[in-house]
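Novice: Protein chains in written order, with the numbering used here: chain H, 224 to 589; chain F, 158 to 629; chain R, 147 to 433.
Hints are all accurate, no fakes.
Lysine-lysine pairs mimicking DSBU-like chemistry, simulated, CA-CA at most 30 Å apart: (1) K427/R <-> K456/H; (2) K571/H <-> K247/F; (3) K576/H <-> K254/F; (4) K569/H <-> K254/F; (5) K197/F <-> K326/F; (6) K580/H <-> K272/F; (7) K162/R <-> K420/R; (8) K171/F <-> K456/H; (9) K258/F <-> K578/H; (10) K247/F <-> K580/H; (11) K251/H <-> K508/F; (12) K580/H <-> K258/F; (13) K423/F <-> K427/R; (14) K283/F <-> K580/H; (15) K576/H <-> K247/F; (16) K571/H <-> K254/F; (17) K379/F <-> K420/R; (18) K278/F <-> K578/H; (19) K427/R <-> K386/F; (20) K456/H <-> K174/F; (21) K247/F <-> K251/H.
Just so you know, these hints were derived from the structure itself, not from any lab.
Given the structure is predicted, the values throughout are model-derived calculations rather than measurements.
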Amino acid sequence: MSNRMNKYLSDSLLKQESERQGAELWGKLIKRPTFSFAVFAVVMILIQALSKAGLIGSSFVNAVGSTLIFCIVGLGFCLLLGYSALASLGTAGFIAIGSYSAYYCLAEWGLTIGIGFIVAILFAVVIGIAVGYISLRIEGIYLAIVTLGISEIIKELLSALCDTIKIKGTQITLLGIESIKLKTDVIYYGIVVILFILMFVTQNLMNSPTGRAMLAMKNSTSAAQAFGVSLMKYRLMAFTISIIYASIAGFMYMLYIRYVSNSMGNLFTLSMSLNVLGAVIIGGMKSIWGTIGGMFIIYGIDQMFLQDIPFFNENPTFITLFCGILVIVVVMFYPGGLAQLALELKYKLASRKQKIKEGIYGKDLG
Amino acid sequence: MAKILDKNHSNHTKLVKLRQSYDWLSEELIGLTEIYESKKQKELNKFIASANKKLEKSAFLACDKEGYAQSELEAKLQKYDVRAYMSQRKINHSAVKAIFKAVAAGEDYSAVLEKRSAEMKALNEKRAKYIAALESKKQAFLAKNNVTDTAPYDALKAELDAQYSAKKKELDEKYGAKQAAHAAKLEAKRSKISAQIAELKKNSPAAYTLPDDVLLEVKGLKMYFGGLKAVDDLNFTVKKGEIFGLIGPNGAGKTTVFNCITQFYKPTGGEIHFATKDKEVISLTDFEVHDIVLQGISRTFQNIEVVKEVSVLDNLLIAATRHYSSNLFVQMLHLPLLRREERMITARADKILNYMDLYSYRDRLAWGLPYGVLKRIEIARALMCNPQLIILDEPAAGLNESETKDLAALINKIRTELGCTILLVEHDMSLVMNICDHICAISFGRKLADGTPAEVQASKEVQEAYLGVGGE
Amino acid sequence: MCAGILATFAVTLIFKTSYTTNFAQGVISAIGAYVAVELSMKNGYPIWMVAIVGVLVAFIVGVAIDVLIFRNGRYVNSLGKQIITMGLISIIIGVIPFIFSVAKMEAVPAFPFIHLTQGLQIGEIFIQYNTIIGVAITIILLAAVFLLLQKSKWGLSVRATASNEIVAGMMGINTKVITAISWGIAGAFGAVAAIIYIGNVTLSNGYVMTTTQINAFLAGILGGFATFHGPVFGAVIIYGLNILVGCLCIHMPELSTWKSAIVYLIVMLLVLWKPQGLFGKKLVKKV
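With the sequences and hints as input, model every part of the structure.
Specialist: Laid out in C-alpha cells, this is it:
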C-alpha cells in the first residue's frame with residue numbers, strides 16, 4: 224500500500240513542480256543576459272525621461288550619455304583584449320575616424336544620418352583591415368605600440384584635413400527631410416538603442432564558435448592553429464570589430480556633443496586610449512557588465528557626481544590619481560577585474576547569510 | 158607545372174569542403190533516428206502520464222479504498238504543509254528582523270524569541286486540528302463506499318490500452334513519415350555531393366601517387382635551423398591503420414618531424430605526402446598550418462596546450478571550429494542555423510567525452526584538472542575533428558605506470574574501434590614496444606633503423622645510439 | 147633629437163629587464179624636469195645643480211616604482227605590466243599638481259642651459275650653444291652606458307637578465323637589484339632627456355614628453371627590441387627622417403601640415419617590411 228501511495232504522492236508533488244515550472248519560466252527569462260541588457264536600456268531611457276520631467280539635472284544626463292558612448296567603445300575592447308589578448312592603444316584615432324566621418328557626411332556633404340552611419344562603418348572596416356594587416360604581424364606587447372603609432376598618423380592626417388569640426392543642429396536630419404531635425408535627446412535614445420544592440424551582438428559573439436576560437440588563440444596559439452584557427456583571420460576579425468565599435472561611438476559622439484577641436488580640446492589623445500583600456504581592465508576584460516561598470520567608474524563618476532563637490536572641482540587631477548591607483552590595484556590583485564570581485568562578493572554574501580540563519584535556527588531550516 | 162598545382166589546390170579545397178558537408182550530412186542522418194525517436198517518446202510519455210493518472214484513481218477506488226482515502230488525506234496535508242511552511246518562514250523572517258533591530262539598539266531580544274515560539278506553537282496546534290478534520294472526513298468516505306467493484310477499472314484499462322496502441326501507431330506513422338522525408342532530403346543532398354566529389358576527382362589529375370595501403374609518406378625530409386640540421390634526409394612511410402612509433406634519444410629531432418608534418422615548421426626540403434579520405438594524395442607542404450586539420454590530421458602536444466579558461470566541453474568544441482558553416486553574421490544574431498550546428502557538435506562532443514570516460518568533467522573548467530585528465534582531454538580533442546591520422550607527441554610523459562598501461566589500452570582501442578592511424582613519439586620504451594606495429598628510430602635527424610619492434614631492438618645502431626658505442 | 151635617443155635607450159633598458167613597455171617613461175622623466183624647474187624658479191639655484199638633483203629624483207622614482215610595484219607584481223603577465231605602467235601615468239599626472247607649484251602655472255617658459263640667443267655662427271647656419279651641450283651630453287652618456295654594457299660586470303648582469311631572468315638568477319646574479327637599478331637608470335636617462343627637451347619647448351603639463359615617448363616606442367619597434375643598439379639606431383632613423391621631411395617642407399610648404407604623418411607612414415612601411423625590426427631576429431616557438 225505504502226508503495227502505491229508513494230507513487231501517488233510523488234504525482235501530487237509533480238503537480239506542484241509543474242506549477243513551480245511556470246514560475247521558473249519567468250526565472251529563466253530573467254536569467255537570460257538579453258533581459259538584463261533590456262532592463263539596463265530601459266533604465267537609461269528612464270533617466271532621460273525623468274530629466275525631461277525636471278526631476279534630474281540635464282548635466283547629469285549629458286554625463287550619462289557620453290559615458291554610454293564610451294561603453295560602446297568598451298564592448299569592442301572586451302572582444303579585443305579579453306577574448307583575443309590584443310591590446311590596442313589606437314582607440315582615440317579610431318574614435319576620431321567615426322567623428323570625422325560624421326562631420327564630413329552630415330555637415331560637408333549633407334547626407335542623412337543613416338547613410339553617414341554606414342559610411343562610418345565602411346571607413347572603419349577599410350581602415351581596420353588595412354591597419355590590422357600591417358600591425359597584426361607583430362605580436363603581443365608590440366601591437367600596442369604599433370597601434371599607438373597608427374593612431375598618431377590618423378590623428379595627424381585628420382587634423383591636417385580639418386582642425387575644428389562642428390555640426391549644427393539643422394544638419395542632423397533623418398531621411399534628408401529638413402523639417403525632421405533630431406534633437407540631442409533623440410540622439411540619446413539612439414545611443415541607448417545602439418548600445419543595447421551591440422551588447423546583444425557581443426554577448427552572442429562571445430558564446431559562438433568565433434568567441435571560442437578567439438579564447439583558444441589567447442591561451443595557446445599553437446593549439447588554436449593545430450585545430451584550424453587561422454591566427455591572422457581571427458585577430459583581424461577581433462581588431463576590425465573593435466574598430467567598428469569605436470567608429471560607431473565616434474559617430475554618436477559627434478552627433479551628441481557636436482563639436483571637436485583638435486588643437487584646443489586635446490580630445491583624441493593617448494590618454495583617451497589609456498582611459499578606455501583602464502576602464503576595461505578595471506571592469507573585467509571578459510565581462511560585458513564589468514566593462515560597462517568600469518566605464519561608469521572612469522568616465523561616469525567624476526562627471527556625474529564629483530564635479531559638484533568643490534574639492535574635486537579645484538583639484539581635477541585627483542580623479543586621475545584615483546583611477547591610476549584603482550587600475551594598479553585591480554591588475555595586481557584582481558586580474559579578473561570588478562566582475563571577479565562581484566562574483567566573489569556574491570558567494571561570500573550567500574554563505575554569510577546561510578551562516579547567520581543556521582546560527583539562529585539550526586541547520587535544517589532553509 | 159605551377160598552374161596545374163594551383164588548379165589542383167583549388168580543386169582540393171573544394172573537395173575538402175564537399176567532403177566536410179558529406180560527413181556532416183552522414184552524421185545528421187545517423188542522428189536523425191535519435192531525434193525523431195526522442196520526439197515520439199516525448200509525446201508518448203505525455204500520453205502515458207495522463208493515462209496513468211486516470212488509471213491510478215480508478216485502481217485505488219477498485220481495490221484499495223483505505224489506501225486511496227489515506228493518500229487523498231496525505232496529499233491535502235502536504236498542500237497544507239506547504240502553506241504552513243510559508244507562514245513559518247514569515248514568522249522566522251520577522252523574528253530575524255526584530256532580533257537585528259534589537260541587537261542594533263542594544264536591547265534584549267528574548268521577548269522576540271518568546272513571541273516566535275508562541276506563534277510556532279499556535280501553528281502546530283492548527284495543524285493538529287486540521288489532521289483531525291481530515292481523519293474524520295476519511296472515515297466518512299470509507300463508511301460510504303464499502304463495496305468492492307473492479308469492473309470500472311478493467312473497462313477503463315482496456316480502453317486506455319486501446320487508446321495507447323492507437324496513439325503509438327499514429328505517432329509511429331507520423332514521425333516515420335517525417336523522418337523518411339527528412340532522410341530522403343538529406344540523402345538526396347548527399348548523393349548530389351558525392352556526385353560532385355566524383356566529378357571533381359575525375360577532373361583533377363593526380364599530382365602525386367602513393368601505394369594504396371600507405372597513409373603518410375615522408376621523403377627526404379630536411380629541417381635546418383641556421384646551421385643546425387635538426388632533421389636531415391629522413392624517409393619513412395606510415396601504413397593505414399597501424400600504430401607507428403618514432404623513437405630516438407633526446408634532441409634526435411622527433412618533435413621537429415611532427416612539427417614539419419603539421420606545418421608548424423616549414424621544412425627546408427623534402428616532401429610529405431598524405432592520402433586523404435577521398436584517396437586523393439596531397440603534399441602537406443602546400444598547406445597552411447591551420448588547414449592541416451581539415452585534411453584529417455590532428456595532433457596532441459608535448460607540453461599540454463589545453464585552453465584553461467573554458468570548460469572541458471568548450472575545449473572539444475574549439476577543435477570543431479572549422480566544422481561550423483555559419484558565418485559571422487549568423488553568429489552575431491545567434492540564428493537557428495548556428496543553434497542546430499551547436500546541438501549536433503555538442504552531441505558529438507558528448508559522445509567522445511563518454512568514449513574517453515571524461516563525461517564527469519564535462520562542465521568543469523580545465524583549470525586545475527589533474528595531469529592525466531588533461532592528457533585525455535588532449536586526445537579527446539584530437540578525436541573531435543574526425544581525423545584519419547592522430548599524431549601523439551609523448552603521450553605518456555609524466556604519467557605513472559598504471560596510467561601508461563591505461564593509455565596503451567586506450568590507444569589500441571582508438572585504433573581498432575575508430576579506425577584511426579596513430580603516429581606517436583615516445584620515450585617510454587615499454588609503451589612503444591608493446592603497442593607499436595612499426596617503429597622508426599632516429600638520431601640527430603637521421604634514420605637509424607626501421608621495422609617491427611623486435612627488429613629495431615635488435616639493431617646495432619639503435620643500441621649504440623642509446624647506450625653509447627661499445628668499446629674494447 | 148638627443149632627448150629622443152636617450153628616451154629610446156631608457157625604454158629599451160626597461161623592456162629588456164622587466165619585459166614590459168614602460169608607458170610611464172614620459173611622465174617619470176617629466177618629474178625630473180619639474181624638480182629642476184621648480185628648484186630653479188623658486189630658489190634660483192644654478193641650472194647644473196638643479197639638473198643633477200632632477201636626475202637623481204627621477205632615478206629614485208624609478209627604483210621606487212620597481213621596488214614598490216613591479217617586485218610585487220612578478221606574476222602579472224606582460225600585458226598586465228603594461229597596464230600597470232599606464233596606471234602609473236595617471237598616478238604621476240595626478241600627483242604633479244599637488245607637489246609642484248609651477249605645475250599650476252599656465253605654461254613654464256623654455257628652460258635652456260645657456261640662453262637660446264647665444265650660439266655659434268658658422269657661415270649661414272646658426273647653432274645654439276644649448277643644442278651643442280645637449281648633443282655632447284647625449285654622446286657622452288650613450289658612449290658610457292654602452293661601454294658599461296659591454297665591458298663591466300654590471301653590463302654582463304643586465305645582458306644576462308635580459309636574455310633569461312630565471313637562469314640569470316640561478317647563476318648568482320641578483321636580478322632584483324639589476325632590475326631596480328635598470329629602472330633607476332631609465333628614469334635618470336629620461337630625466338636628462340626631459341631637461342634637454344624643455345630647453346626650447348614650454349613645459350605645459352606632465353604629458354610634455356608624450357611625443358618623444360611615442361617616437362621612442364616606434365624607434366624600438368623599428369630597430370627591434372632584441373638588441374640594445376637596434377632601438378637607438380631606430381631613433382636616429384626616425385629623427386633623421388623628421389629632419390629630411392622638414393627640409394623637403396621648406397621647398398614644398400603645402401606638405402608641412404602632413405609632416406609627422408609622412409614620417410610615421412614611412413616608419414610603418416619599414417615595419418611592414420621587417421616585422422621583427424631592422425636589427426631583430428625571428429624566434430621560432432617550440433611546440
